[in-house]
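Asker: What follows is each chain in one-letter form.
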Amino acid sequence: MNQLTAAKPMSARAKSWLRMRAIARRHAYVLLRSPHRLFDVSLWPLVDVLLFGSLAAFVGTSGSTSAAKASGYLLAGIVLWHVIYQSQIAMSTGLLEETWTRNLLNLMVTPLREVEYLGGVALFGMVKLVIGVGVMVLGALAFFSFRTWSLGFGLVPIVAVLLVVGWAISLFVMGLVLRFGTGAEALAWGVMFVLLPLSGVFYPTKALPTLMQPLALALPTTHAFTALRSLVDHRGSDWSQLTIAAVGSLAMLGLAMWFLVAMLRTFRKRGYITRYT
Amino acid sequence: MLEARGLVKDYRRDRAVDGVDLVVRAGERVALLGPNGAGKTTTLLMILGVVSPDAGAVTICGFDLAHHRSQAAECVGFAAGYLPLTERMRVREYLRLYAQLYGIAEPNPLIDEGLERFRIADLAGAMGTELSSGQRTLIGIVRATLHRPRLLVLDEPTASLDPDVAQRVRGGLLDLCDRDGTALLMTSHDMSDVIQVCERVVFLSHGRIVADGPPEAVASAYGRGDLEGVFLHLAERHEPTGAQQSDHP
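Residue numbers (this note's numbering), protein chains in the order written: chain A, 24 to 300; chain B, 9 to 257.
For the record, the hints were derived by calculation from the structure and aren't laboratory data. Fair warning: this is a prediction, and the values are worked out from it, not measured in the lab. Among these hints, one or two may not hold up.
Coverage of chain A stretches by chain B, computed from C-beta distances (three or more under 8 Å per stretch; other residues unrestricted) [unchecked claim]:
| hint | segment |
| --- | --- |
| 1 | 120-127 |
| 2 | 280-294 |
Which chain A residues face chain B? A few, computed with CB under 10 Å, are given here [claimed, not checked]:
| hint | residue |
| --- | --- |
| 3 | Ala-35 |
| 4 | Leu-41 |
| 5 | Arg-42 |
| 6 | Arg-44 |
| 7 | Ala-45 |
| 8 | Ile-46 |
| 9 | Arg-49 |
| 10 | His-59 |
| 11 | Leu-130 |
Yeah, the Cβ is synthetic: ideal placement off N, Cα and C, and Gly gets one too.
So that you can see chain B by itself, here it is in the shape it has in the complex (with noise of 0.2 Å):
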């Protein structure tokens, strides 16, 4: 589904992503994780196609994506929490036209369905601007899923989201993907969103993969009893002053 192989990324004098290689098989629920500025939106952003990486190659649904970066495209939905809707447009206005932009001449039934999963229905005549933060991720949510990607890539899907509206996403996302066998690689800061929805987690420290398995797996791996002990241990590795200490366990 996604195949990501030597992915190297240089800002200036720093290296955000150093060799990253990452596969995500069909129907596979993946979190990529670390600390702030561990490199996890920049290879989002390479494997988006949105920033070139300098070394490396990504291929999506066997779409090399330096070549074909339109059709990779069609496979792959991507929602944000921190992206705004696109404005002066109505939900429904908002949703057709992204749908047309993956080629769906007629949408509205996909849309229906879309903002039904979400328990969303009545939102769909409201201006973009007159929804809370987390409608408009929820929107975005439903956007991204619209064409039923073979991949779903989501960059932090449930910061500020209230805990309620946060557990209705994960159970859209597992809904989506249990039913289409949707692969779904998401970020997020929330390990409870880890653990409910991903059943294989990839820990990113200074652009490099430190730890990829199941999450007990790398728990233990790391010594510790969750997830959220190994973010802290990273992330502790993160700060420049420990930038000498090793990342691995």
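Isolated chain A, as found in the complex (with noise of 0.2 Å):
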């Protein structure tokens, strides 16, 4: 009897489940053979935990109450900022990474559900999330002081929020690449730079030029940011804002996903595969 028949059957969810781990393994390797890649992890997170972390300290010695929230705010908002960073990245550079290297085709001639494909790359996603906020928080902690932890419980909540946005983002990019090739790889990071000014990571959204401030309230981002102010504050968790960012943020991951599913039909339909081959 083969190795094949002597084995015992898989139910179709633990083949579900070694698939996510397969791409999981995959990305992995990616990781630890391009050292480059590890700079998204370490490096980065840490020199904008210096540079925001600098620009606290220097903000913060004017003494004043407001200087202090800043402060605050600042070192903050750049941890919690890389929740969705890390996030968004990790996703969408699973995908670029299978274009770049011609290997998409190898991947979807096997059973591999699109589902299946996306849970690996974010269960991947998530150990660089943990390893690259890691850093930043152990880096606020040793150059600044500053114990993320301290901001309590509150922070899950807008963690997650910020995860789902970040998972979101990087669905809707995926969609772009399927539909109009690599070229649009760089919306992957230029997304990012749209929202971090946006979603007043930094500051009240009052700050922002009038104009602006009502598509800023439009963001999921600017309430999660909001209500991590409302901790840095030391005034509790704003479940408001968090309500509105909670069902902003699963809004958005429903639209992403509806556009990455019609533009993988288009993706199919047009025989965009022979771009990667």
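Take the two lone chains and join them into the complex the hints point to.
Answerer: Now the structure itself:
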């Protein structure tokens, strides 16, 4: 009896989990064997915490109450910003890696389902997120004596919202890459630079130009960072802001999933796989 | 095993595949032939579920590809001479990855057996980037056959291979098909591949099937001594200036 027939049949769920782990492991090899990719989860987070921590230290020297507040906003803001950044980049570059190395066809002819691929990339993305944000938390502590965890359990729902937003943006970027090719990859990074100022990561959105404020308020990230500032100001969790952020982030995720499915359909319909063979 | 009915695919203003009906039975070894642009690769990509047909349907191992792609894909293995190995992985890691995508939790014995079949067991620890193109092709075929597919689809499996390596590929494929009863559907521009491996040839021209049968019968129907002659005849007709000429014998 050969190996296959001797093996105990696996349930569909067990196969799905096996495939997701296989994809996660594949991306672990990419990270471990490309030293420059390690910068994404080590050096760049550290540079960011150094930059914004130094700004915070400088602002904080003026001694006023608002200066002390701004100092806390800067450090807490940059650490939490990396939750979106790391989750988004990990997912987007997961697909981009397959296009850069012309590996898409290899994967698409296997029984791997799209949702399993996303699950595998997200699984490894969580590892990168923990490493990247962990480096920042430790950097903030070592360089600026900023204890991120002193903000308390109120951070948990904020992190969850930011994680969902990061995933939603990455699904949107993936859809654009499938539709327009690797030329759309600039968006993987570019979209973050648009979101950063509009979300009021370091300041209340009242500080934005009046024209931009309605746009900022439409973003779930804006409400998540407003809730973060409430924690920094020792006012406890702002549940109304968190609710708006949670609903907005889930709506954004649903929209991004719909977009990705539509772009995947177009990808198959127009035979865009030939771009990567 | 494979049943494709009425496949049609248009790319912009060109019709790449125009009503292809193709049935491959269990254990059958079929070559899909035709000049460049005849629609071979598009047909294969539709059979693999990577490109959606504009019309028609594909059933593999009883699974309708449009609705049960994942289950259908479990029965199929695919390799192409032009596909790279997944980067930054050693050969064994690479084969393990794909075995797991096919639902094999402990693939090491199958990996050893597959590498041994093509006499490349010494490559198990090599990085993909260290391999020659011929070695990469062999590893790709091992990957495609790890899960003992009931249908093996190969696009130009011996392209750019040295004659001795191509011969090893042909021998390995015949061994696999004989032992496991695997059906084979392959494209090739090398007629010696076709003669040695396949018992049936299907010629495509302008996206349509213009001949289907045993190699000798097809050559004879076109009044040619061999498949090479049929191929050249169809390639001449495939030139833009010859588009009005009949592709049929």
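Asker: Each hint: holds or not?
Answerer: Do the hints match the structure? See the list:
Figure legend: the segment 120-127 of chain A, annotated as covered by chain B; annotation consistent (3 residues with Cβ-Cβ distances under 8 Å, at least 3 required). A count of 5 residues in the segment 280-294 of chain A with a Cβ less than 8 Å from any Cβ of chain B is obtained; the coverage claim is therefore met, three being the minimum. The criterion of a C-beta within 10 Å of any C-beta in chain B is met by Ala-35/A, whose closest approach is roughly 9 Å, and the hint holds. Against a cut-off of 10 Å between C-beta atoms, the interface hint on Leu-41/A holds, since the closest Cβ of chain B lies about 5 Å away.
Taken as an interface hint, Arg-42/A checks out: its beta carbon lies about 5 Å from the nearest beta carbon of chain B, inside 10 Å. Among the interface hints, the one on Arg-44/A holds; its C-beta lies about 7 Å from the nearest C-beta in chain B, closer than the 10 Å criterion. This hint holds: Ala-45/A has a C-beta 4 Å from the nearest C-beta of chain B, less than the 10 Å allowed. Among the interface hints, the one on Ile-46/A holds; its C-beta lies about 8 Å from the nearest C-beta in chain B, closer than the 10 Å criterion.
Given hint, Arg-49/A at the interface with chain B, holds; its Cβ is 5 Å from that chain's nearest Cβ, closer than 10 Å. About 12 Å separates the beta-carbon of His-59/A from the nearest beta-carbon of chain B, more than 10 Å, and the hint is not met. The interface hint given for Leu-130/A holds, since its Cβ lies 8 Å from the closest Cβ of chain B, which is under the 10 Å cut-off.
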